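**Q** Here the protein sequences come in this chain order: A and U. Mapping the first sequence onto my numbering, position 289 (from 1) lands on 289, and the numbers just tick up by one. Here my numbering runs 1000 ahead of the position in the second sequence, where the first position is 1.
If you're looking for bench data, these hints aren't it; they were derived computationally from the structure. All figures in this text were calculated on a predicted structure; none of them were measured in a lab. It is possible that part of the hints are untrue.
Result set (DSS-like, lysine-lysine): computed pairs, CA atoms no more than 30 Å apart in a straight line [stated by the list, open to error]:
id : chain 1 : residue 1 : chain 2 : residue 2
1  : A       : Lys29     : A       : Lys108
2  : A       : Lys293    : A       : Lys272
3  : A       : Lys21     : A       : Lys219
4  : A       : Lys127    : U       : Lys1212
5  : A       : Lys123    : U       : Lys1006
6  : A       : Lys114    : A       : Lys22
7  : U       : Lys1041   : A       : Lys125
8  : A       : Lys22     : U       : Lys1016
9  : U       : Lys1006   : A       : Lys16
10 : A       : Lys293    : A       : Lys165
11 : A       : Lys67     : U       : Lys1157
12 : A       : Lys125    : U       : Lys1204
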Amino acid sequence: MADMLVARDIVKIYGKRTVLKKVNMNIQKGDIYGFIGKNGAGKTTFMRVILSLTYPQSGDVKLFGDKTLQEVGLKVGSLIEAPGIYKNLTGEENLRRFSILYGADPDKAPELLKLVGLNNTGKKKVKDYSLGMRQRLGIAIALIGDPELLLLDEPINGLDPEGIKEIRDLILKLNEEKGITFLISSHLLDELGKVVTKYGIINDGEMLEEIDAEELREKCKQKLTIEVDDLAKAMSIAAKIVKEENLSGNKHIMTVEGEVSKAAELNTALVKGGVAVKAIYPNSDTLEEYFMKRIGE
Amino acid sequence: MSRLLKVYLRNIFKQKGYYVCTGISLLIGVIIPFIISLFIKSTDTITLASRIVDSFKVDIIIVIFVTLFVCSDFTDGTAKNFIARGYSRRQILYGKYLASLIAVGVYFLGCLAFTLAFFAKDGLNFTISDLYMILAAIATAVASTGLYVIVANTAEKVSTGIAVNIIMFSFFSLLLEGLTTLLKLNINLSNYWITGLTGLMGEKAVLVDLFKVIGIAAVYLVLLFEISNFIIKKKEVK
Ligand SMILES: Nc1ncnc2c1ncn2[C@@H]1O[C@H](COP(=O)(O)OP(=O)(O)OP(=O)(O)O)[C@@H](O)[C@H]1O
Ligand SMILES: [Mg+2]
């Protein structure tokens, strides 16, 4: 797999605050990389560093193998925070102007407008656009010139549920059909979860981990929830079957982390030991729960 | 760079402010003087050359349309669309300067055409020193446009940009003039300030004066761009 974006030890300090603490990131061709973290975690700042909008105190960034942004910038599309658009022009004029700048065909502007669902805006100036419409135009600008890498900072910000689905489908389509690589930041985990192939979790300026979506699903390990009448007795019986550190209990609920395959065995032992088992069911951490655990909340 | 220039030319020439400014300038510099000249027959004849220079050397007009153009990238947040696609801060500054120069050039030609249309009947007797005068005015405009672009590009906000630029061409000249009187100097310092270089041309301008103006303008330009490039090198782009 070819490296599309490799960032090494990025440190960014604002005043006395270290906003990025030696952040590393590895994105391979074809990835849809979900960059998640709370408000103020440093997602936007990191993306701004990648795009030379701000300079880090140390660390370096390589794109498309070993290139700099200056060399491959025309093939890197981006949408960072509020989209940069000429407010006194129409959507199409905006696209035409940036197409010239990016060395792309301005006549493809209507096609792009259609792609993001803005084909009915006609002569409306951007200053009269709604928040969601501006966001869509920002995405269209990012798509000019068939970029190979797209950096989208909270792209579904301000979009309605229909819009969110459209953009999600668009991301998938571009990824599958054109092999475009994405770096998408978000705190809306569930909305992103559906398309992401790799996660980077950032908290308070530190990259906690980079993990494949597959692997993450594994890690959001299953657990067993068992409702019993006598918790103390149930715990002592279960301790003989599963590892003690995996056991926890609260009132009438006993929880077993992992070891879901032991469900039948546990049930039999508990009943034999005289514990009434009211219910036994497996469940797993959601991405949200995993994330919360990871950032220690 | 050509793509950058193309976009910037579009930005400046499709901006209403440019035409409003040019219109006002023509009104003040050509049309009103023409109307006045119909009624009041002045005894001292103003030469066509000095009319041409006067008509376009209205700094406030250049300041306004240049600042509006340069700052629009920041007020609309479009500056990041340039940087994020690999254009450097330096290229952007030069692109804006070139586009502004072309706009100032077109503005100058407009003023020239209007002045000729209204006043050529007074006689087309140009002397070589008139030509030097016009060239000196052009050199001064080239340098001061650089100053205005750099100030606006650093200020980012239209209001700050216009305010500082006005200070640059009016306040500084006044200050230097005041200083000249105060120190009882026999050279006028304000003539050496970037926006006042035409003052170095004597009554009957000679080639040496023109070279002096061009030389000083060039030094100012190089200095300004060096300083500016240093300031904006690592500047945050919002
Ligand atoms: N120009 C700046 N000057 C000072 N501090 C800044 C600047 N830009 C960002 N910060 C600080 O850096 C930290 C990270 O901000 P950043 O915008 O990167 O967070 P984020 O992860 O994108 O958050 P959100 O989810 O809210 O968008 C914040 O504490 C913020 O206050
Ligand atoms: Mg952010």
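**Q** Next step is simple, just say for each hint if it's right about the structure.
**A** Status of each hint after checking the structure:
Pair hint Lys29/A plus Lys108/A holds up; C-alpha atoms about 25 Å apart against a cutoff of 30 Å. Straight-line distance between C-alpha atoms of Lys293/A and Lys272/A comes to about 35 Å, which puts the hinted pair past the 30 Å bound. For a cut-off of 30 Å, the pair hint linking Lys21/A to Lys219/A stands: about 25 Å separates their Cα positions. Restraint check for Lys127/A and Lys1212/U: not satisfied, since their Cα atoms lie roughly 48 Å apart, outside the 30 Å limit.
Among the hinted pairs, Lys123/A with Lys1006/U is consistent with the structure: their alpha-carbon atoms are about 23 Å apart, no more than 30 Å. Between Lys114/A and Lys22/A the CA atoms are separated by roughly 41 Å; this puts the pair beyond 30 Å, and the hint is violated. The straight-line distance between the Cα atoms of Lys1041/U and Lys125/A is roughly 50 Å, outside the 30 Å bound, and the hint therefore fails. Annotation: proposed proximity of Lys22/A to Lys1016/U is violated, straight-line Cα distance about 47 Å (limit 30 Å).
For the proposed pair Lys1006/U and Lys16/A, the alpha carbon gap of about 42 Å is over 30 Å, so the pair is violated. Note on Lys293/A and Lys165/A: the hinted pairing holds, with a Cα-Cα distance of about 28 Å set against a maximum of 30 Å. Distance check on the hinted pair: Lys67/A and Lys1157/U sit about 34 Å apart at the alpha-carbon level, beyond 30 Å; violated. Of the pairs offered as hints, the one joining Lys125/A and Lys1204/U is violated, with about 53 Å between alpha carbons and a cut-off of 30 Å exceeded.
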